[in-house]
Amino acid sequence: MKLFPIRGGVHPEYRKEQTSEKAIVAMPMPRLLYIPLQQHVGAPAEVLVAGGDLVKKGQMIARSQGTISASQHAPTSGRIVSVTDVAAPHPSGLPQTTIIIEPDGKDEWADLPEPVADPFAADLQVIRDRVAQAGVVGLGGAVFPAAVKLNLGTQYKIEILLINGAECEPYITCDDRVMREYADEVIDGARIVARVMGAPRVVVGIELNKPQAIEIMTKAAAPFAEVEVVGVPALYPMGYAHELILAITGRETPAGKRTAEVGVVAYNVATVRAVHQAVRFGRPLISRVVTVSGGAIREPKNVLTPIGARVADLIEFCGGFSAPPARLVNGGPMMGEPLPSLEVPVVKGTAGILALTAEETNTQAASPCIRCGSCVTICPAGLSPVEMAAFIRKDNLEAAARLGVMDCVSCGSCSWVCPSHIPLVHYFNYAKGALNKQERERRKNERVKILAEVRVIRVEKAAEAKRAAMAARKPATAATPAADAPPGNAGQANTSSTAEEKTNA
Amino acid sequence: MNIVTTSGPFTHTSNTVQKTMITVLLALIPATAFDFYLFGWPAILLFTVTVGSCVAVEAACLALAGQPIKAVLGDYSAVLTGWLMAMSLPPWAPWWIGVLAAVFAIALAKHAFGGIGQNVFNPAMVGRTVMLVSFPVVMTAWVMPHPMFSSGAPGLADAIAITFGGHMPDTMSAASALGHIKTELSRGIPVTQSMAQVPDLMDMALGYRAGSLGETSAILILAGGLFMMAKRIISWHIPLSVMGGLFLMAALFHAVDPARFTSGTFHLMSGATFLGAFFIATDYVTSPVSKKGQLIFGLGCGVLIWLIRTFAGYPEGMAFAVLLMNGLAPIIDQYTRPRLFGRNRKGEPLPLVKEKP
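Chains as they are written, first to last, in the working numbering: chain A, 1 to 505; chain B, 1 to 357.
Any given hint could turn out to be false.
Below are the BS3-like pairs computed for lysine-lysine, each with C-alpha atoms no more than 25 Å apart in a straight line [claimed, not checked]: (1) A:Lys2 with A:Lys157; (2) A:Lys257 with B:Lys346; (3) A:Lys394 with A:Lys437; (4) B:Lys231 with B:Lys292; (5) B:Lys346 with A:Lys432; (6) A:Lys437 with A:Lys449.
Label pairs and their in silico Cβ distance ranges [claimed, not checked]: (7) B:Arg345 with A:Ser322: 23 to 33 Å; (8) A:Ala117 with B:Arg232: 49 to 59 Å; (9) B:Arg345 with A:His11: 20 to 30 Å; (10) B:Arg345 with A:Gln438: 18 to 28 Å; (11) B:Pro147 with A:Ser322: 39 to 49 Å; (12) A:Leu124 with B:Asn344: 34 to 44 Å.
It is worth saying that the hints were derived from the structure and are not from the lab. Positions of the beta carbon are idealized from the N, C-alpha and C atoms, including for glycine.
Given only the sequences and the hints, what does the whole structure look like? Please build it.
Right under this line is the structure:
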């Protein structure tokens with residue numbers, strides 16, 4: 001298949017060999033599980049249980065609420081200890097509402113929904129409901145509720161379902177292992193999703209540095225004419241959906257648009273496998289494969305981890321630390337986030353836990369930019385990081401916005417390539433946050449202004465009506481301007497106070 | 001456990017500014033060594049003085065600015081500036097040329113603008129140009145190669161007299177090929193005739209000719225340039241466009257009037273074309289950052305070199321051309337930013353194209 005060139009990209013040291021040949025192993029059930037209500041994009045799920053309740057494996061313990069949300073299920077049978085605030089696996093380490101389960105060791109399944117006998121004949125809504133019920137979210141890192149994404153097929157004409165097996169982040173091999181060990185399940189899930197989406201073609205994109213996965217997946221896809229497996233160059237960030245779509249289809253998603261609008265939707269391999277599990281067996285998403293790797297981990301592994309296991313338990317299962325780690329990362333080394341502590345739980349979006357040595361991170365103090373232009377050459381978004389960073393340093397965010405900083409995808413390639421070790425992407429993340437905040441403020445002020453104007457009109461109308469009524473009652477004595485003044489002034493005073501309240505709110 | 005929560009990425013290229021500079025220095029070694037052999041001890045002494053002065057001036061500037069001296073000197077950028085500047089000086093020039101050039105290059109062209117990365121103009125070329133304009137006689141006193149250990153080559157004592165005593169032996173001066181052609185043209189002798197007296201192209205490529213250190217061995221400079229490309233320090237864009245621009249202009253006019261204009265090949269092989277195209281114009285700080293901008297920058301350099309060599313008062317125009325284009329680099333940058341992903345050149349989102357069935 002002819003591939004299309006993508007923009008930019010870097011070749012970090014992949015270091016996948018630490019875990020790529022390690023078969024997936026399940027970790028023993030830890031003493032306690034911590035299930036946060038929000039492990040996805042959208043609204044947190046609504047708690048269905050309380051402390052003391054007994055739950056079975058796969059039982060829904062928090063229900064999706066709102067249009068974009070996902071349900072949570074008990075990863076094993078046991079007793080609910082409490083529903084309380086626990087530090088989130090987020091750099092801030094801020095607490096979020098979490099259900100704590102004490103496993104009873106029996107691992108008893110709850111009554112699962114009936115499997116869909118033939119997903120290729122069943123009503124589409126049945127499949128959508130089943131995926132929603134199973135709490136499946138995008139496991140590639142976006143953690144967007146999969147069921148919501150399935151609806152894209154009703155809004156757009158989807159021509160290609162792209163299964164993203166690029167796995168371009170260094171160290172991470174969980175998708176590689178899933179493809180090698182569960183190729184048939186991945187292909188089946190992909191075909192189910194393609195049917196719901198109405199996509200006539202399925203293309204699985206895998207980076208060429210995973211030849212075994214390509215071979216096994218090609219074999220698994222062979223019986224299905226509509227499924228094609230394509231090897232794509234190993235070039236970070238190939239796994240970024242827009243890049244992979246460009247490489248495989250040549251379609252460049254316009255800024256601010258969805259990929260569905262160019263006829264392509266991308267799903268991660270592990271996500272479609274979870275769809276397969278949900279549809280074929282009624283099993284909810286209660287565990288995921290996590291790559292535990294890095295030079296400071298004694299026995300790097302691919303671990304089938306129950307959702308809610310603490311990172312500390314996971315690392316202990318991998319033999320603990322062989323050296324004091326310089327950095328603890330939640331995710332891959334390029335786009336992952338620092339772990340605030342080892343006490344946080346593994347969630348649906350956790351693809352990797354890395355404990356890196358100083359040698360691996362190669363962190364150095366930043367020195368002045370020498371304008372080598374590497375960041376411009378490698379930026380997959382076509383930005384000029386060197387110029388944007390110069391503006392952001394001077395706090396000229398508007399100039400950075402004009403250069404397109406909001407189009408930055410935070411892939412980190414510029415920071416990686418910079419010979420002066422300038423934390424470029426950090427500047428851009430800061431600028432994006434600050435600009436978003438400004439935009440929110442601006443919108444809020446606009447709303448307040450409109451409300452204030454509406455109020456002025458309303459007050460005037462009321463005064464007008466009053467005047468008319470007075471005039472009707474006492475046609476002889478016309479309303480004097482002095483009589484008009486108090487209500488008018490009061491109205492204005494009220495308006496400004498409202499505006500103030502709104503701004504303060 | 002001590003948990004560090006700095007932002008990602010948590011892996012990094014092994015490349016550093018220091019490594020980049022060292023690679024460039026390595027690329028310069030073969031040509032420099034050969035030129036030392038050709039021009040002997042005086043060249044070595046001048047080189048040492050120039051590089052040493054650059055490092056000393058850099059250290060002084062850093063001390064004045066209150067910056068860490070050792071850490072910044074460790075990036076080797078001052079060494080590189082001194083090295084390149086030494087290669088652009090007449091090899092038997094007196095010591096004070098090297099010292100003065102260092103002051104202008106490092107103190108004025110680099111640190112007055114804010115140090116590494118901040119300068120608009122190429123420091124080495126500023127140093128050379130100021131010297132050329134201020135001391136035209138000394139700066140155009142070329143000698144024919146006197147290979148080391150050959151008869152007539154100055155020994156160390158003679159060299160000290162030449163470099164530090166100002167005893168330039170009159171009999172040894174010679175004109176560079178470009179200078180010769182220019183002089184002859186001004187006397188009304190056509191290029192076709194004067195070309196007979198310049199070294200043949202092979203000698204010019206190898207370096208057996210009069211000129212500054214770096215102007216001579218085109219082949220070794222090319223080897224260094226290719227080494228830098230292989231190491232991905234530079235890309236082909238600037239060298240090729242500099243040489244392409246120069247060659248095209250020269251070849252075009254040569255075809256029109258061979259008596260007035262020298263050939264494209266002659267221009268490529270003469271003067272500092274190779275050194276300039278691979279080592280001077282490619283300076284990161286003073287050239288555009290985007291590949292497209294680099295092509296425009298290089299073409300501009302090439303065309304300007306030809307214009308200056310052909311019509312201006314100086315026989316060689318590399319330094320002037322590069323400095324002029326340095327001044328344009330910021331504006332070239334502004335107009336050659338890459339197209340953003342998913343947007344057109346104006347920055348508007350791409351239109352949604354209906355795919356062909």
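Hint check:
Our distance criterion of 25 Å between C-alpha atoms is met by Lys2 (chain A) and Lys157 (chain A), whose separation comes to about 23 Å. Restraint check for Lys257 (chain A) and Lys346 (chain B): satisfied, since their Cα atoms lie roughly 17 Å apart, inside the 25 Å limit. At roughly 18 Å between alpha-carbon atoms, Lys394 (chain A) and Lys437 (chain A) fall within 25 Å of each other, so this suggested pair holds. For the given pair, Lys231 (chain B) sits about 21 Å from Lys292 (chain B) by alpha-carbon distance, which is consistent with the 25 Å threshold.
This hinted pair checks out: Lys346 (chain B) and Lys432 (chain A) have alpha carbons roughly 21 Å apart, not beyond 25 Å. At most 25 Å may separate the alpha-carbon atoms for a hinted pair to count; Lys437 (chain A) and Lys449 (chain A) meet this at roughly 18 Å. At roughly 52 Å, the beta-carbon separation of Arg345 (chain B) and Ser322 (chain A) lies outside the given 23 to 33 Å, and the hint is violated. Checked against the hint of 49 to 59 Å, the pair Ala117 (chain A) and Arg232 (chain B) passes, with Cβ atoms roughly 57 Å apart.
Range check, Arg345 (chain B) to His11 (chain A): about 29 Å between beta-carbon atoms, so the 20 to 30 Å window is met. One distance hint, 18 to 28 Å for the beta-carbon pair Arg345 (chain B) and Gln438 (chain A), holds here, with the actual separation near 27 Å. The hinted window of 39 to 49 Å between Pro147 (chain B) and Ser322 (chain A) is violated, with their beta carbons roughly 59 Å apart. Roughly 37 Å separates the CB atoms of Leu124 (chain A) and Asn344 (chain B), a value that falls within the hinted 34 to 44 Å.
Hint violations for this structure: numbers 7, 11, all remaining hints satisfied.
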